[in-house]
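Chemist: Sequence:
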Amino acid sequence: MSSSTILNSLIEKGILVSPDIMEKEVDEEILNKIIELEGDSLDLIDEALINKYSKLKEDNHNVHVIRSYDKKSKKRSFQDFVGVMNNRYNITASILRNRQEMMGVTSISRMMEKDAENQTAIIGMVLEKNLTKNENYILKLEDKTGICVVIVKKDEKNKELYNIADDISLDEVIGVIGKKFNDAIFAQKIVFPDIPPTKELKKQAKEEYVAILGDIHFGSNVFMKEEFDKFILWINGESGSLEQRELAKKVKYIIHTGDIIEGVGVYPSQEDDLDIIDIKKQYEYAAKYFKKIPKDKKIIMISGNHDAGRLAEPQEPVPKDLAEELYTIPNLFILSNPAYVNIASTEDFSGFDCLIYHGGSLIYYSENIPSIRSAGGQKRSDLIMQYLLQRRHLAPTHGSTLYIPDPERDPLIIDIVPDFFITGHIHRAAAKNYRNITMINGSCWTETTDDQIKRGLEPQPARLPLINLKTRAVKMMNFMSQEAKEKEAELLKEIKEAKAKAEAEQKKIEEENEKKKKLEEENIKEESEKKNIDNNSEDFKK
1170 MSSSTILNSL
1180 IEKGILVSPD
1190 IMEKEVDEEI
1200 LNKIIELEGD
1210 SLDLIDEALI
1220 NKYSKLKEDN
1230 HNVHVIRSYD
1240 KKSKKRSFQD
1250 FVGVMNNRYN
1260 ITASILRNRQ
1270 EMMGVTSISR
1280 MMEKDAENQT
1290 AIIGMVLEKN
1300 LTKNENYILK
1310 LEDKTGICVV
1320 IVKKDEKNKE
1330 LYNIADDISL
1340 DEVIGVIGKK
1350 FNDAIFAQKI
1360 VFPDIPPTKE
1370 LKKQAKEEYV
1380 AILGDIHFGS
1390 NVFMKEEFDK
1400 FILWINGESG
1410 SLEQRELAKK
1420 VKYIIHTGDI
1430 IEGVGVYPSQ
1440 EDDLDIIDIK
1450 KQYEYAAKYF
1460 KKIPKDKKII
1470 MISGNHDAGR
1480 LAEPQEPVPK
1490 DLAEELYTIP
1500 NLFILSNPAY
1510 VNIASTEDFS
1520 GFDCLIYHGG
1530 SLIYYSENIP
1540 SIRSAGGQKR
1550 SDLIMQYLLQ
1560 RRHLAPTHGS
1570 TLYIPDPERD
1580 PLIIDIVPDF
1590 FITGHIHRAA
1600 AKNYRNITMI
1610 NGSCWTETTD
1620 DQIKRGLEPQ
1630 PARLPLINLK
1640 TRAVKMMNFM
1650 SQEAKEKEAE
1660 LLKEIKEAKA
1670 KAEAEQKKIE
1680 EENEKKKKLE
1690 EENIKEESEK
1700 KNIDNNSEDF
1710 KK
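With this note's numbering, letter number 4 in the sequence shown gets 1173, and the count goes up by one each step, no holes.
The set of hints was computed from the structure by calculation and includes no laboratory data. Heads up, some of the hints might be wrong.
Cβ pair distances, simulated, as ranges [to be verified]: (1) Ser1210 with Lys1313: 53 to 61 Å; (2) Gln1288 with Pro1365: 49 to 57 Å; (3) Asn1405 with Tyr1436: 32 to 40 Å; (4) Lys1419 with Glu1194: 54 to 62 Å; (5) Gly1406 with Pro1365: 34 to 42 Å; (6) Ile1307 with Ile1401: 51 to 59 Å.
Simulated pairs of lysine to any residue, SDA-like, Cα-Cα distance not exceeding 20 Å [said to hold, decoys possible]: (7) Lys1466 with Val1586; (8) Lys1240 with Asn1500; (9) Lys1348 with Gln1373; (10) Lys1449 with Lys1240; (11) Lys1461 with Ile1538; (12) Lys1461 with Lys1686; (13) Lys1662 with Asn1605; (14) Lys1676 with Asn1692; (15) Lys1309 with Gly1568; (16) Lys1375 with Pro1499; (17) Lys1323 with Tyr1306; (18) Lys1548 with Pro1463; (19) Lys1372 with Val1586; (20) Lys1418 with Arg1266; (21) Lys1460 with Asn1303; (22) Lys1372 with Pro1576; (23) Lys1358 with Gly1409; (24) Lys1654 with Arg1641; (25) Lys1601 with Asn1637; (26) Lys1464 with Asp1442; (27) Lys1323 with Gln1373; (28) Lys1418 with Asp1352; (29) Lys1461 with Glu1415.
Cβ atoms here follow ideal geometry from the backbone N, Cα and C, with glycine treated the same way.
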């Protein structure tokens, strides 16, 4: 459809078009964008409006959406789950085959035909993981040709390998190098798909920043309005020191990791925790804030588990019919969870690839991976994110998050190596580099709740991670008021006391169980000795 045809159709609908616009050919993409974003408020198209959207189009050339899941929902079958697992295996196995250690890889069926004591290398999906009475790990691995057993022995020489096996989760795809004995392999090395150690640390010539927002929960009665208002003033260059105001000008991208709103019906009795009980009005409230952000800053936003739409990942972008006001913001990109975007590209620079994931699986791995759990669990979001990068999947274990089984391509697989891996969900602010990937977990903008204290969680609200695209250094800004800081300190004290009490109670239970166990063992021993004495007496009588 030509621009003149589009303009004539708008005139027929009663929308005024200035004569100077009618006389020249206008970019159809710009016209369609105006219609999409202006909506019912569109009553006049003139040169000023065209220039406004032309400038936005020029400004937006350096935000390129690589992937945002937009497939329509449909009925899924058992075969779809089989298909997504096959797809995951194929892609991950191809990554592993490129590893130097796995050059001699063979299929499980061919490995079974080899002579004993021969060294071999296989790739398989972890079907089972068990611990023997001697505390050796038995892994059952499966590929498309068969199933085999992998044994990881517990001994001092094997300590590093044993610790690696301790952290293996079900359904992840790994490589194993070892010696065959009967129908099993005694593992000598375990290989993960991982990030190549040669990954380039990209930097751009100009000093610009990416700000990470997330878990704002607009509509919640614990939304930190005062702190978020301070952020809005700062991003507009209206508060802070001269240095901080200059920093605000250099922020060119804002990435929001989901949970834009508090939502409705997310958990039982949630209405007691809401200031705004209508989901559309929650999004309207959110839009009022995002409209205050300067238009030269590109906002990239994904969905979270509190947002409207399905919970299963990949989550579709926030539905337009529930968040109409958000869709009118011209510098806002609304994407799925997860999503891949490229930012800051120029003719001379390829830009930065960003993997943005709300983080539905993070809690599962904080609780189920021994090394992460012992290091602090949810407080160590950097270790969780590193674990997922090493597995090259956002949720390798079936059940670690709700997901849509797409047999065509597993949307949660990390087949593109990102420059930035950005998550939210667990309300912690953290930054770490892993193999030249900047890992960021965003903060939150809600107060710590009683429920979080009961569960031993320690949120870090009102922090703003800032990534310097020139140096790749991460700066953490804190927007908390003095009153909020004092309140947070008191809450952290309560959390530590509750945790200490829980640990003391657990220790008491364990000691009591140990006493019971010893008593039972003594009773069994006495019964055994008594039985032996009785048997000896009978023998003597005979």
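Chemist: All hints are to be evaluated individually against the structure, with a verdict given for each.
Modeler: Results for each hint:
1. Checked against the given bound of 53 to 61 Å, the beta carbons of Ser1210 and Lys1313, roughly 56 Å apart, stay inside it.
2. In this structure the supplied range 49 to 57 Å is violated for Gln1288 paired with Pro1365, their Cβ-Cβ distance being about 25 Å.
3. Between Asn1405 and Tyr1436 the C-beta distance comes to about 35 Å, which sits within the given range of 32 to 40 Å.
4. A beta carbon spacing of about 37 Å between Lys1419 and Glu1194 contradicts the range 54 to 62 Å that was offered as a hint.
5. Separation of Gly1406 from Pro1365 is about 40 Å and conforms to the stated range, judged on CB atoms against 34 to 42 Å.
6. A beta carbon spacing of about 56 Å between Ile1307 and Ile1401 agrees with the range 51 to 59 Å that was offered as a hint.
7. Between Lys1466 and Val1586 the alpha-carbon distance is near 25 Å, which puts this suggested pair outside the 20 Å criterion.
8. At roughly 24 Å between alpha-carbon atoms, Lys1240 and Asn1500 are farther apart than 20 Å, so this suggested pair is violated.
9. This hinted pair does not check out: Lys1348 and Gln1373 have alpha carbons roughly 47 Å apart, beyond 20 Å.
10. Restraint check for Lys1449 and Lys1240: the C-alpha separation of about 24 Å exceeds 20 Å, so the hint is violated.
11. Simply put, Lys1461 and Ile1538 have alpha-carbon atoms about 42 Å apart, too far for the 20 Å limit, and the pair is violated.
12. Only pairs whose Cα atoms come within 20 Å are accepted, and Lys1461 paired with Lys1686 is rejected, the gap being roughly 65 Å.
13. Between Lys1662 and Asn1605, the direct Cα distance comes to roughly 36 Å. Violation of the 20 Å bound is thereby established for this hinted pair.
14. Between the alpha carbons of Lys1676 and Asn1692 the distance comes to roughly 24 Å, so the proposed pair goes past 20 Å and is violated.
15. Distance restraint check for Lys1309 and Gly1568: the Cα-Cα separation of roughly 19 Å lies within the 20 Å cut-off, and the hinted pair is therefore satisfied.
16. A C-alpha spacing of about 25 Å is found between Lys1375 and Pro1499, which places the hinted pair above 20 Å, so the restraint is violated.
17. Annotation: proposed proximity of Lys1323 to Tyr1306 holds, straight-line Cα distance about 8 Å (limit 20 Å).
18. Restraint check for Lys1548 and Pro1463: not satisfied, since their Cα atoms lie roughly 33 Å apart, outside the 20 Å limit.
19. Between Lys1372 and Val1586 the CA atoms are separated by roughly 16 Å; this keeps the pair inside 20 Å, and the hint holds.
20. Between Lys1418 and Arg1266, the direct Cα distance comes to roughly 46 Å. Violation of the 20 Å bound is thereby established for this hinted pair.
21. Pair hint Lys1460 plus Asn1303 does not hold up; C-alpha atoms about 62 Å apart against a cutoff of 20 Å.
22. At most 20 Å may separate the alpha-carbon atoms for a hinted pair to count; Lys1372 and Pro1576 exceed this at roughly 36 Å.
23. Of the supplied pair hints, the one linking Lys1358 and Gly1409 is violated, its CA atoms being roughly 53 Å apart against a limit of 20 Å.
24. Of the supplied pair hints, the one linking Lys1654 and Arg1641 is violated, its CA atoms being roughly 28 Å apart against a limit of 20 Å.
25. Straight-line distance between C-alpha atoms of Lys1601 and Asn1637 comes to about 13 Å, which keeps the hinted pair within the 20 Å bound.
26. Restraint check: the Cα-Cα separation between Lys1464 and Asp1442 comes to about 33 Å, which exceeds 20 Å; the hinted pair is violated.
27. Only pairs whose Cα atoms come within 20 Å are accepted, and Lys1323 paired with Gln1373 is rejected, the gap being roughly 48 Å.
28. Annotation: proposed proximity of Lys1418 to Asp1352 is violated, straight-line Cα distance about 64 Å (limit 20 Å).
29. Restraint check for Lys1461 and Glu1415: the C-alpha separation of about 18 Å stays at or below 20 Å, so the hint holds.
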